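> What follows is each chain in one-letter form.
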Amino acid sequence: MSAAGDASAVAWRVLCRLQWHEQPLRALIALLAVALGVALGSAVYLINAAALDQFNQATRRITGAADLIVRSPAAGFDEQLFVRLARNPSVAQASPLLQLQLALPAAAQPRDALAGPVLPLLALDPFRAASMQTTLVAALAGDVTRLFDHDAVVLTQAAASELGLSRGRVLPIIVGNRERTLHVIDVLPDSADPEPLAIMDIASAQWMLGRLGRLDRIDLRLRSGVDAEQFARSLRGQLPAGVVVTTPALENARARSATRAYRVNLNMLALVALLTGAFLVFTTQSLAVLRRRVILGLLRALGVTRGELLRALLAEGLIIGVAGSLLGLLMGALFAGAVLDWLGADLGNRQLAALGASFALHPLGMLAFALLGTLAAGLGAWVPAREAAQRAPAAALKPADVEPVLARLPRLAPGLSLLLLGGALAWLPPVASVPVGGYAAVGCLLLGAVLLVPLLVRVAFARLPASGGVVLDASVAHLRGSAGAATISLAGVIVSFSLMVAMAIMVHSFRDSFERWLITLLPADLTLRADPAADTAALSAADQARLASLPDIERAEFMRLTPVYLSAERAAVTVIARSLSPADAADVLPLLSTAVPPAGARPAWISEALQDIYGVHPGQWLELPLGGHSERFFVAGVWRDYVRPAGAVVVRRADYVALTADRSASEAALWQRAGSNSERTEAAIRQLLPQSGALQMFATPELRERSLQIFDRAFLVTYALEAVAVLIGLAGISMASSAATLARRAQFGMLRHLGMLRRQVLGMIACEGVLHSVLAVVTGLALGALLSVILVYVINRESFHWSIDLAIPWAELAALGAALIATAALTAWLSGRAALGEDVIRAVREDW
Amino acid sequence: MTPSATRPPPLLQIQGLRKGYGERTAVLEQVDLTLQGAEFVSIMGESGSGKSTLLNLIAGLDRPDQGSVQLEGVDLGCLSDDERTRLRRSAMGFIFQAFHVLPYLTALQNVLLPLQLLHVPADRGVKLAQEYLERCGIGALQGRYPRELSGGELQRIAIARALVHRPRLLLADEPTGNLDARAAALVLQLLREQLRETGAGAILITHSATAAACADRTLRLTGGRLTARPQMSAAQGL
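Protein chains in written order, with the working numbering: chain A, 1 to 848; chain B, 1 to 238.
None of these hints come from the bench; they were simulated from the model. Please read all numbers here as calculations on a predicted model, not as lab measurements. Just so it is clear, CB atoms sit at the ideal spot from N, CA and C, and this is done for glycine as well. Any given hint could turn out to be false.
[Said to hold, decoys possible] Per label pair, the in silico range of CB-to-CB distance:
(1) B:Gly177 <-> A:Ile295: 17 to 23 Å
(2) B:Gly143 <-> A:Ala723: 44 to 50 Å
(3) B:Gly143 <-> A:Ala368: 51 to 57 Å
(4) A:Ile295 <-> B:Pro8: 48 to 54 Å
(5) B:Gly143 <-> A:Phe711: 57 to 63 Å
(6) B:Asp81 <-> A:Ile295: 33 to 39 Å
(7) B:Arg147 <-> A:Ile295: 14 to 20 Å
(8) B:Lys127 <-> A:Leu455: 31 to 37 Å
[Claimed, not checked] Sample of chain A residues at the chain B side, in silico, Cβ under 8 Å:
(9) Gly481
(10) Ser738
(11) Arg758
[Unchecked claim] Negatives, chain A to chain B, calculated, CB over 12 Å:
(12) Ala49
(13) Ala65
(14) Gln206
(15) Asp473
(16) Trp621
(17) Arg632
(18) Ala683
Model the full assembly from the supplied sequences, consistent with the hints where possible.
Below you can see the structure in the form of structure tokens.
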């Protein structure tokens, strides 16, 4: 080892001994904070990776060896297309399929769910599928011709377990609004497919499900030498409207893009926890530098160079970072495994449900998080290390030199520049539906605000007039004179509190907007609907007529929801056919903008998601594939939709029926006559539609309540991650407060000598805590409000394609602020009590 | 009326003071000391002889195992912690080896502190503090912060702070311990002058014979007892 290395190592050993022997708890808390940040980040990453892996595997199992997939949602297409494609000279093999969600009777429906039970169905031709869905078909034991029985169905082990069925049992399903039964002829092992799935012969399925002559998917294997991309392009022009051709890779990419925004959001929250951990390392190291400044000066006086001292101090932070990161990876892996076992991979968001997702380590991704944790801790240690190394040894050895930390950091210009840059970045457009500019803006605003904290402290406390009371005046004088040290503790508090405020405002705004949206969208007394995920349940025209004529029903409105593809690369858009006209659209839809349709034009009202994703605006024309043809609709308005992130479009039901001849309905809104009660009406409906198991009936208040419960559940993970960030922040406050208080024991001893009562000293410390936290709360509220504007209008809007109105939860924010101030005062008081122990008198004899 | 009834009590009277820590032999065995008003006494002793312990007991910062400390006839042992603190606030002044001026206050604000604790009106307090800074020869430095001052200047602030509220008793614990010989001599001279002007009594704890020689009489603390030490001049101490 070189001489320089030796000196650095000696310095490091001396400093570490001090740190670990004198303040092991603080170093340990900083280590745990980094560990927690890395654990959250890596856990969210591993859970996301497991969900995506699972989705990829499921797609691979279903698509098998197909080169191309021709598909159409819902009503599907005429099977003549299969004949045409099978005869195409470029196609080696074509496999016709029906891929649907079977509606099941609602007996097993969970109480808090809005969706009824459904079971994915894959109906195939076993002989043609043998070379495509090889794993599935190979698993069909014995004579596959048994599958040709009209009511035969094979279940995967997961489906059988979930439904409590076994071979030879009956599986009831809902077709239209009637119950039919299938016979389970076999149960496939998990190795064939670990997810719930029903498999039928295609002809039997067409017959049983009332889809004779219809398919919704054809898998194609091309002859060798045929370019798949080129063939797909040539095919696109020949397909009926609404039928798209995709590749397995495209199917995976679609799943990834559909859930990317939510996952990025979770990762960002985990990074916030990591950032707060970095602040804690910064706090620990800054206070450690402050406490050991004489030792640092001594080391410099003994011949340790600036560089060696910098490296030694940096090494301390990096050791915390490495140890914290390794511990964090372990915690993250355990946490991810437990979450996957107990909660599944959707993290509270039903859109992301990936049943059967299993835990797997992803070394590269985890290594990235470990590096991120180490880097964060290193950065946290670098600022105080640089300050300490640059300080003249004589100054460090001088008594009363206690205010060096952050003294040299330039702050005003970079702080203001970062705030302005943050404001500018917020206007950048999203990148692949991820609000990169929005996140960067949040980062810039936070960093800019932190850099402005010392200035803020000076300005805020310089303006406070003298009260004449020695306790308050002494507190204010100390705060005025310790702006640099105050930055250390205040920065972490302001960051975590402002994020807490921003999240509280965003979630409150969202919930408030969502509640008002529910009131607009659910004006009726009762809602009757087929599971939106089920493709086989519906109300027939006759059912609708009977419902409308019930004596307790004053008015009934029926809707048909059907998915259509507007693009092969994107998820299906929901077409909602309902009774409305341009004149009354504003009364029944939460419209945000409108355009007057020209005479004779068919109007359509698109959701914000559709507007954003497809770039269609009011006053423009939109092509919708309905009834096998592409039909032009005039975009008469944009409305707010919180349910369908892939996009939705409302059309007049009369137009829809005219174009598709489909008179069935998937949802009914029922208004009761005055004086009738909901229970009696519900009983009458059940009597009218005795086999309406797949049709769920809700009284509107109940539906709204359940919707809000689901909303709250979807934000559970967000709340949990936020709570962790806040806890780390609070740990930072208490650490900074107790360390700073202990470092001032000699001052307190001197004040006691001068005749300050113990309670006056404690009052002074508590006053400082309160004044500090009031400043943190005021700044955090202002910064949090600013961040919430970016969350509401940029990040949320660009991530999920829906707008929300800003609403401030005043009472909640007041409670949060009061809690923070009380915590800070209490922590300061407790630290003060510890610092003012019996031997505080002797502290005046310690060299400080 | 007897002569003793009219005579005011001594400024400080210590009788039979004993103090030990845990199992250890008592640091102070039997300490007796009487200090008349305006008397300046220095106490010398080796490290660990109990000098600082004695100072803490006199200041009411610690309680003796036995014996009593009376300040102007008031027995500190009969007072509560708050009462002792209030007495210390009004009747005592302190000077420490490490100065202990508050780093975030200016020289003037540091000197103002005892007056604020005594609720002296702000304008009168500022005038007094400025007067004492002037007396200590650092009037021009009143707006400076401790980090901008030398050790000698810091100790002058400490002296001004210790005397500004006109205490009856000044307790100085190694006040020249961190100063060079020249600065120490200046500080001692200043201390002596100020004691004479204010009429306060003082106890000076020191290792330095030079410093001890500034006092009216010098005592030695050995074996837990105070014994008289032959008086010598400052020149002899040097």
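> A separate judgement is required for each hint: does it hold in the structure or not?
Cross-check of the supplied hints:
| no. | hint | result |
| --- | --- | --- |
| 1 | B:Gly177 <-> A:Ile295: 17 to 23 Å | holds, 21 Å |
| 2 | B:Gly143 <-> A:Ala723: 44 to 50 Å | holds, 48 Å |
| 3 | B:Gly143 <-> A:Ala368: 51 to 57 Å | holds, 54 Å |
| 4 | A:Ile295 <-> B:Pro8: 48 to 54 Å | holds, 51 Å |
| 5 | B:Gly143 <-> A:Phe711: 57 to 63 Å | holds, 60 Å |
| 6 | B:Asp81 <-> A:Ile295: 33 to 39 Å | holds, 35 Å |
| 7 | B:Arg147 <-> A:Ile295: 14 to 20 Å | holds, 19 Å |
| 8 | B:Lys127 <-> A:Leu455: 31 to 37 Å | holds, 34 Å |
| 9 | Gly481 | holds, 2 Å |
| 10 | Ser738 | violated, 19 Å |
| 11 | Arg758 | holds, 7 Å |
| 12 | Ala49 | holds, 52 Å |
| 13 | Ala65 | holds, 76 Å |
| 14 | Gln206 | holds, 85 Å |
| 15 | Asp473 | violated, 7 Å |
| 16 | Trp621 | holds, 71 Å |
| 17 | Arg632 | holds, 75 Å |
| 18 | Ala683 | holds, 77 Å |
In this structure, the hints that do not hold are numbers 10 and 15, in rising order.
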